[in-house]
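Asker: So the chains spell out like this:
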Amino acid sequence: MFLDQFVNAIGTGVMLGSIYAALALGLAVTFGLLHIPNIAHPAFVVAGAYVVAVGNSCGFDPLLVALVALVPFYVAGLGFYEFYARLFERRGAADTMNALTLFFGVSLVVETALLIKFGTNQQSVSVAYVGQSLTIGLLSLPYRLLVPALLAPVMILLLWLYLRFTHAGIAIRAVAHDERALSVSGIDPRWIKRHAFGIAAATAVVAGAALIIIGPVDPFGGRLMIGRTFAVVVLAGMGSLPGTIAAGILIGVSESMVSAFASPSWAPAVAFSILLATLALRPEGLFGAHR
Amino acid sequence: MSDPILLVENVEKSFGALRALGPISVSLKAGERLGVIGPNGSGKTTLINCLTGTLTPSAGEVWFLGRKVTDLAPHRRARMGLARSFQIPKPFTGMSVLENLLVPLDHLHDVADPRARAMEVLASVGLAGRAGHEAGGLTQLELRKLELARALAGRPKVLIADEAMAGLSDREIDDVLAILERLNESGVAVIMIEHIMHAVMRFSHRIICLETGRLIADGLPDAIANDPLVQKVYFGEQARH
Chain H
1 MFLDQFVNAI
11 GTGVMLGSIY
21 AALALGLAVT
31 FGLLHIPNIA
41 HPAFVVAGAY
51 VVAVGNSCGF
61 DPLLVALVAL
71 VPFYVAGLGF
81 YEFYARLFER
91 RGAADTMNAL
101 TLFFGVSLVV
111 ETALLIKFGT
121 NQQSVSVAYV
131 GQSLTIGLLS
141 LPYRLLVPAL
151 LAPVMILLLW
161 LYLRFTHAGI
171 AIRAVAHDER
181 ALSVSGIDPR
191 WIKRHAFGIA
201 AATAVVAGAA
211 LIIIGPVDPF
221 GGRLMIGRTF
231 AVVVLAGMGS
241 LPGTIAAGIL
251 IGVSESMVSA
261 FASPSWAPAV
271 AFSILLATLA
281 LRPEGLFGAH
291 R
Chain L
292 MSDPILLVEN
302 VEKSFGALRA
312 LGPISVSLKA
322 GERLGVIGPN
332 GSGKTTLINC
342 LTGTLTPSAG
352 EVWFLGRKVT
362 DLAPHRRARM
372 GLARSFQIPK
382 PFTGMSVLEN
392 LLVPLDHLHD
402 VADPRARAME
412 VLASVGLAGR
422 AGHEAGGLTQ
432 LELRKLELAR
442 ALAGRPKVLI
452 ADEAMAGLSD
462 REIDDVLAIL
472 ERLNESGVAV
482 IMIEHIMHAV
492 MRFSHRIICL
502 ETGRLIADGL
512 PDAIANDPLV
522 QKVYFGEQAR
532 H
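Order-wise, the sequence lines are chains H and L.
Position 25 (the first sequence) corresponds to 25 in this note's numbering; numbering is contiguous.
Position 232 (the second sequence) corresponds to 523 in this note's numbering; numbering is contiguous.
FYI, nobody ran anything at the bench for these hints, they're computed from the structure.
Hints are supplied without guarantee of correctness; some may be wrong.
[As the list claims (entries may be wrong)] So the derived label-pair ranges between C-beta atoms look like this: (1) 400(L) <-> 279(H): 40 to 46 Å; (2) 462(L) <-> 282(H): 50 to 56 Å; (3) 407(L) <-> 279(H): 42 to 48 Å.
[To be verified] A short list of chain H residues far from chain L (calculated; beta carbon distances all over 12 Å): (4) 7; (5) 35; (6) 68; (7) 76; (8) 139; (9) 174; (10) 220; (11) 224.
Every value quoted in this text rests on a predicted model; they were computed, and no experiment measured them.
No residue lacks a Cβ here, since even glycine has one placed at the ideal position from N, Cα and C.
Please model the entire structure based on the sequences and the hints provided.
Answerer: Pasting the structure below:
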């Protein structure tokens with residue numbers, strides 16, 4: 001009985017953590033690499049979930065809808081960055097507080113738009129695999145968690161390859177270190193940051209698909225994710241993609257174990273307890289480099 | 292005499308009520324070695340920032356290769372061939388030495404094989420053996436060399452070396468000077484901003500001296516070294532005796 005509970009708590013935690021990583025991936029780019037605390041990212045994820053729900057109501061698979069919606073979300077990301085850059089960066093007023101204020105406002109606008117269009121009713125998707133489970137020995141893996149959990153490693157691997165081996169990806173990593181050095185290298189830092197912001201927004205629709213496959217979503221669902229996604233990014237080490245999945249899984253497994261063996265009401269405190277403990281011992285995060 | 296490739300005409304830069312630079316006019320010919328000296332706060336860095344586009348002048352004009360570039364963004368000036376290295380090296384840490392060079396090279400359309408060009412530049416500054424190493428782990432001399440290599444990657448027409456030898460030993464200074472001399476012999480004009488006087492005197496064809504944002508002397512190294520005003524503001528009153 002104990003072994004059964006333990007194995008399933010680990011399995012659920014790994015899947016949950018992988019999903020946390022998917023939710024936090026866009027923030028790992030905007031906050032971790034560009035140093036723009038895009039507090040609206042969870043709201044983008046929820047908007048992505050709604051787009052997926054609409055597509056699913058027309059009979060399409062959520063993941064297929066997410067793939068198609070990558071482009072409009074990327075373009076929207078370009079627009080949001082340009083808005084931010086014109087308001088603050090061009091005037092030399094791009095600080096953390098201004099960015100937090102702006103993107104808090106953006107998240108409220110996104111929530112309100114969803115509320116006006118869809119009301120307060122929760123949205124969900126209907127797919128054949130929700131409700132079924134994969135059983136391996138003692139381990140039972142519900143597909144409604146397993147499918148979204150598999151998205152994170154795929155997204156992170158693709159983004160990691162992009163940042164590692166493409167011209168634009170290398171420039172994104174460079175702008176994370178020094179914008180001025182990039183500009184005297186002949187590259188427009190604003191173009192690179194806009195592109196990176198677009199990529200981050202595009203990840204939100206895939207994360208949204210993951211979110212709505214797990215369960216119904218309402219316009220305010222993003223608020224619950226803000227703290228946890230920031231915790232994943234900081235714990236990972238700013239901008240580290242392998243760190244993002246490791247941090248997500250660490251938090252997911254810890255929460256799952258606490259829920260299984262103590263009380264579910266303690267679980268939300270786990271992310272921040274781990275974050276505080278790690279930062280005390282290793283301020284640069286799990287995979288972050290010394291600066 | 293050839294026309295100047297870089298021309299600063301009556302440039303001024305003020306920060307609020309404080310005038311940090313100018314009005315100042317300076318020119319640089321193709322292949323020239325220009326030394327820029329002056330005490331701390333004399334406006335050297337402000338001048339460089341106006342040249343490279345990091346700062347927009349409050350008044351005056353900057354011309355490069357016959358084109359007015361006063362309001363042109365830094366990355367556009369860099370693409371035209373105006374390169375700079377920073378006083379404090381700014382390597383892209385977390386990336387290899389080779390990747391540091393690929394950042395500018397990958398975005399240049401006239402470089403057929405960026406990796407080959409990167410290795411060629413690294414070899415020219417003596418860093419070929421460190422290509423695969425993480426840039427954050429380099430020594431101070433190697434960081435200076437990487438800074439120069441990154442500036443040289445795009446085959447610039449002008450290199451502005453901002454205190455490229457600060458903090459180096461005499462032997463290391465010779466090493467960096469040799470790189471700059473080879474570079475200049477290949478046709479690149481070099482502006483050297485430096486506090487190490489024997490290095491700037493040895494390297495430069497011509498030297499200008501700034502003081503409180505104004506040009507107080509412009510001439511051959513020997514003339515500058517013996518200029519009473521330069522001696523007074525730069526070397527101190529004692530140096531005249």
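Asker: With reference to the structure, classify each hint as holding or not holding.
Answerer: Structure-based check of each hint:
no.	hint	verdict
1	400(L) <-> 279(H): 40 to 46 Å	holds, 44 Å
2	462(L) <-> 282(H): 50 to 56 Å	violated, 39 Å
3	407(L) <-> 279(H): 42 to 48 Å	holds, 43 Å
4	7	holds, 37 Å
5	35	holds, 14 Å
6	68	holds, 30 Å
7	76	holds, 25 Å
8	139	holds, 37 Å
9	174	violated, 5 Å
10	220	holds, 37 Å
11	224	holds, 32 Å
Hints 2 and 9 from the list above are not met by this structure, while the remaining hints are.
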